[in-house]
Amino acid sequence: SKSKMKFTIATIATLASTVAAFTPSSFVQTTSVAHRAAAQSETGLCMKYKVAVVGGGPSGACAAEIFAQEKGIDTVMFERKMDNAKPCGGAIPLCMVGEFNMPETVVDRKVRKMNLISPTGVEVNIGDTLQPDEYIGMCRREVMDKFLRDRAIEYGAEIVNGLVTSIDVPVNHKTSEEPYTIKYMEYVDGSSAGVSKTMEVDLIVGADGANSRVAKAMDAGSYNFAIAFQERIKIPEEKMAFYEEMAEMYVGDDVSPDFYGWVFPKYDHVGVGTGTVVNRPAIKQYQKAIRDRAGDKIAGGKIIKVEAHPIPEHYRPRRVQGRIALVGDAAGYVTKCSGEGIYFAAKSGRMAAEEIVALMDGGKRLPTQADMEKTYIKKYDGLYGPTYTVLDILQKVFYTNNGAREAFVELCNSKYVQQVTFDSYLYKRVQGNNPLDDVKLLGETIGCLVKGYSTAKPDQEFSNPVESLKRI
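Residue numbers (the numbering used here): 87 to 558.
One thing to keep in mind: the hints can contain errors.
As the list claims (entries may be wrong) - Derived BS3-like pairs (lysine-lysine); straight-line CA-CA distance at most 30 Å:
#1 K352 <-> K383
#2 K383 <-> K460
#3 K501 <-> K302
#4 K260 <-> K465
#5 K136 <-> K167
As the list claims (entries may be wrong) - Label-pair restraints from in silico Cβ distances:
#6 V364 <-> S262: 38 to 46 Å
#7 G386 <-> N170: 27 to 35 Å
#8 P322 <-> A279: 35 to 43 Å
#9 P322 <-> N170: 23 to 31 Å
#10 G158 <-> S549: 30 to 38 Å
#11 Q371 <-> N170: 23 to 31 Å
It is worth saying that the hints were derived from the structure and are not from the lab. Every residue, glycine too, gets a C-beta built ideally from N, C-alpha and C.
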């Protein structure tokens, strides 16, 4: 169910025109900001610009790491919960391990096989196209996030264990260097109650997730969202052996009307979960169904943790305002169809920080909104915009009814589909372009869809007209 960018382009290109294109913010600020560098040189004072990174997950930690290596910038990273275990499948592509120089100790399990189960119980096992040294990494977020955070701290980032409650944004923040005022509750050891504090900063990176307070403060606009629900289940060792290198994905309107259910292996347990956008009130019903579908494979297990969290469905309308930029979930960087967000969070955090650091020229100036839109936003959208669009189309085609879901699972029998799918996911690039296979696949897709629609049971009807309009 991962990035099927290549075969999807060939198969359903005719639907591309129906999908709204993602575009950078139209709120472009072209007025240059008055710089403090001149004043610094005249007085001889060394007044560093201060950058605040709000959020200490992959996007925030990877941004803070870049800022912290710049001598001309003071970097502060806010994180409210140092042992936060975000409800998340925890899958990361192989390229992320190398690209972000992560030790293999961060990876709990190396998945080399994926079992796909259709609504009628048809199973397709994929993974034969993987090389011996290729795998999908399965992580626990509390372990991976801590590693990335600690590395940013080692580089010199100041860490604040606190919750940002609000941000005072100056009216003229797009045309001046007037600082932002961050209001937060700082937590100290031995006390559950925070201490109210404030801090003035010159630039903010919002890496604080789907319910981003930075996004609200900067008027980034709202987005539609999914609810992801996951139970961590400790199962007997003999049953855990089945998941040694195996992950499972279940599709069907019983487990989700627009997504999939999963069983992903962790260090000593499995994560069992599902998600939905269109029928969020029924999430516990879908969670029971995924447990039932997994059946004997997780029978006798003990639920050790229950987690739920919103996941963005598309980009925020405005990802940069003044000297505030959003990254990760706060910006809406989660793919449709696969629900992948960890790699894109880390990548966007690093990319935004690198572009901002270059614009700041050793701490001599502050970037404008237009500067950041022309660099960070333009480059990110150029690299990954097509991926988001194509996976959006894929989800609309294959995840909306049981007939299409049956066709999707059958298509995954194709070695060509498996090869392109894994290459696209593991390395975030498309490989194996074969026009003849693409044409052949188009015919197979149509055939599978016709067959699937003729044999599948109808989807259950549901209605939640009020809740479905909710945005965050």
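Verification of the hints:
1. Of the pairs offered as hints, the one joining K352 and K383 holds, with about 15 Å between alpha carbons and a cut-off of 30 Å not exceeded.
2. For a cut-off of 30 Å, the pair hint linking K383 to K460 is broken: about 51 Å separates their Cα positions.
3. This hinted pair does not check out: K501 and K302 have alpha carbons roughly 46 Å apart, beyond 30 Å.
4. With a CA separation close to 22 Å, the supplied pair K260 and K465 stays within the 30 Å bound.
5. The suggested pairing of K136 with K167 holds, with an alpha-carbon distance near 23 Å, which does not exceed 30 Å.
6. In this structure the supplied range 38 to 46 Å holds for V364 paired with S262, their Cβ-Cβ distance being about 44 Å.
7. A hinted range of 27 to 35 Å holds for the C-beta pair G386 and N170, which are about 29 Å apart.
8. Look at P322 against A279: about 42 Å separates their beta carbons, and that is inside 35 to 43 Å.
9. Between P322 and N170 the CB atoms are about 29 Å apart, so this pair conforms to the stated range of 23 to 31 Å.
10. Checked against the hint of 30 to 38 Å, the pair G158 and S549 fails, with Cβ atoms roughly 57 Å apart.
11. Taking 23 to 31 Å as the suggested C-beta distance range, the pair Q371 and N170 conforms, at roughly 27 Å.
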